[in-house]
Amino acid sequence: MGSPANPTESPAAGNAPPEVPPAQRVNRAPVLGDYFFSTLTGIAAAAVVGLSLLLVAVLVYSSRSTLSLFGPSFLWTTVWRPAPANVFGIVPAAEDTLLTSALALLIGIPLSLGSAIFLTQHAPTWLRAPIGQVIELLAAIPSIVFGFWGLIVLVPFERYRVEPALQGTLGWTGLFNGTPIGIDILTASLVLSIMTVPTITAISRDAIAAVPRSQKEAALSLGATDWEVTRTVVLPYSQGGIAAGIALGLGRALGETMAVLLVIGNRFAIPSSLFSQGETIASLIANDFTEASGPLELSALIEAGLVLLLITLAINLAARAYLARSQVHEGGFEG
Amino acid sequence: MSAIDPASPPEEIVRRQKSPGRGRGVYVVLVVVIGLVLVVVGANAAGLIHLYGGSSTGVCGGNVVLNGAGSTLVAPLMFQWATSYTDSTVNYNSIGSGGGIAQITSKTVDFGASDAPLSSTQRGAIPSPGVVTIPESVGAAVPIYNLPGLNAPLRFNGSALAAIYLGTMTNWNNSELQALNPGVTLPNAAIVPVFRADGSGTTFIWTSYLSSQNTTWRNTLGFSTALVFPAGIGEKGNAGVTQAVKSTVDAIGYVDINYALTDSLSYGAVENPAGHYVLANLSNIASAVQDSNVSFPAATGDWYNVSVLNAKGPQDYPISSFTYLFVYKDLGAAYGSSYGMSKAAALTAFLRYIVSPTGGQSQAAALYYVPLTAQVAANDLTTINSLTFNGGTIPVCSTS
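The listed protein sequences correspond, in order, to chains A and B. Each residue of the first sequence is one higher than the last, beginning at 0 in numbering that gives the first Met the number 0. Each residue of the second sequence is one higher than the last, beginning at 0 in numbering that gives the first Met the number 0.
By construction, these hints were calculated from the structure, which means they are not laboratory data. Where hints are given, some of them may not hold.
Stretches of chain A that chain B covers, calculated by requiring three or more beta carbons in the stretch to come under 8 Å of a beta carbon on chain B [what the hints assert, rightly or not]:
hint: 1; region: 197-204
hint: 2; region: 231-244
In silico lysine to any residue, SDA-like type, Cα no more than 20 Å apart, as pairs [what the hints assert, rightly or not]:
hint: 3; chain 1: B; residue 1: Lys245; chain 2: A; residue 2: Pro179
hint: 4; chain 1: B; residue 1: Lys106; chain 2: A; residue 2: Ser61
hint: 5; chain 1: B; residue 1: Lys245; chain 2: A; residue 2: Ser61
Because the structure is a prediction, the values reported are computed rather than measured. We put the beta carbon where it would ideally sit given N, CA and C, even for glycine.
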């Protein structure tokens, strides 16, 4: 623990005490501008936290009439009957939301990981930048454009090519019952999967690119093949980043509104197959909000938004917990 | 940083010198763009003031702004009225019938518009002194379909349409539809019904008709602005239904007549109670209203069961309904002291203009809306004249 010769130079990582005191200025009195600056940043940080809390508070307050009327039964009621009946439950919408998002990830994760691994491990250097840019471009396309493309291009293709073929070959599974219309849960999931790919790919690519060269070279020197390097070194090392990318992609899929609304068929019912029409929570809100039958339906729609927020929050927390655990494992492995 | 050419500075330094300049450039562009937007907005606002400004002369005249909100179905007609009526500035916000009812209930607008009358719950939610119901135009729902190769309009009846939307009639070449359309080769293909996913006056008209034709429909689904259909795909707005039917072969949907006519969609003829297959047009919808000879409830009464469905005349189109405006019965009592007599006079003048056969109603047909019949217009005028301001009568201003 030799004190560093130059006090302005930050100590090397190895010598750092467990808690670094904040950087301090020498030879100068505190400046008024600094005081204002730190206050401003503090206000900004507080505003972000305050706004999030306010958002939840407003959702709870605005949905108080259905919260008190239906209580928890909102979470297991399967019908949405506007005025004059006024019975509301979230089950089919929540189910469709989770189902389309899960299917989207099922299709999107292999695509994203594949392209991320290709981009970082196998692609010739001159090809990496253009492909990376195309993927980032995909992330910048507004969701309504994806929806429109889905409606004009994907729906007829699904209706006349993919879905009859699926029904013919895999009809026995029961997943593909019903008339193939092309506007259904399967198509919505496909559109969502394409929308999640750029997010997951970009973040996974960065995570994989951060794997130290020494680790890969060590594996290669032991005679590992490319696939073995990827499996034993690259993926375990970057799994935290990949999980973060998947969590972000899932967030996009859960909350996606317009693209889903255009291709899912907007029928509030528990799906009987992947060819059933459905309605996610986000598309339910978008469809019904402006033409709500009365204050009670408005309140129910806001409560649906609250449920969506809680689902997203739960998934985020789960991803965070998984990340924390995997990082502990990683640390154990390294130490 | 080895091998630096002494003639040109190293790349890193060049970039450092360039980048602040580029950053400033971005800011300059940003500021210019924001400035331009502000100038345009400002000029527009100033222009609006010039356009609608007027001189103040007692209760009548003056620069009064009237605000309305609601139905998207009547929005094109309402915008036409707002433009052609020059005595006051009329702002109409086409946020949907449900929104219109919510806004008039919370007194944030001067009139609300809805394609469906108020239900008893909705009427109960409206604060004292309550609203009057003014039918202001007529809507009709027509079946549109996408069957390539068919030229003559298909014929439907109530039981076939109900069966299609119940999901019990699933194929186009079923015997019932074939019997209605002798000589037409119907495709052997699954029917794709398209309905409105959002709350809609068109759905109200459509499901009222299906309820009147089919007991299963009436007992299990009933009629409403929004209900969960047992089969088919849901789309948002008349535009969404039109788009879905246009792009989906074998689809059938329902839209408002003015939409079908504006967009030149082919739609089917529907059997009326006299046994004729009627292809909807403005005159046979008007005659249906005429022949229904509706006895109107009191202006402040319950209009939920007012119906011009299934009119008995031989040429009457069976699936039509009024669309409505809601205005507070006593404007002074409803809005309080900030609401002057001049505003009440301006509002009633605009309402008179809307229902007048030579005023607002004369512009309806050009936009494919069915004008009110003389009987309905006269009833509306009585309702408008009965509006009060803190219990007193509202002076009638002559329109320019």
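Going through the hints against the structure:
For the region 197-204 of chain A, the proposed coverage by chain B is not satisfied: 0 residues have a C-beta within less than 8 Å of a C-beta in that chain, short of the threshold of three. Counting residues of the region 231-244 of chain A whose beta carbon lies closer than 8 Å to any beta carbon of chain B gives 0, which falls below the threshold of three, so the coverage claim is violated. A hinted pair counts as satisfied when its Cα atoms are at most 20 Å apart, and Lys245/B with Pro179/A qualifies at roughly 17 Å. Of the supplied pair hints, the one linking Lys106/B and Ser61/A holds, its CA atoms being roughly 19 Å apart against a limit of 20 Å.
Of the supplied pair hints, the one linking Lys245/B and Ser61/A is violated, its CA atoms being roughly 39 Å apart against a limit of 20 Å.
Checked against the numbered hints given earlier, this structure breaks hints 1, 2 and 5; the rest are met.
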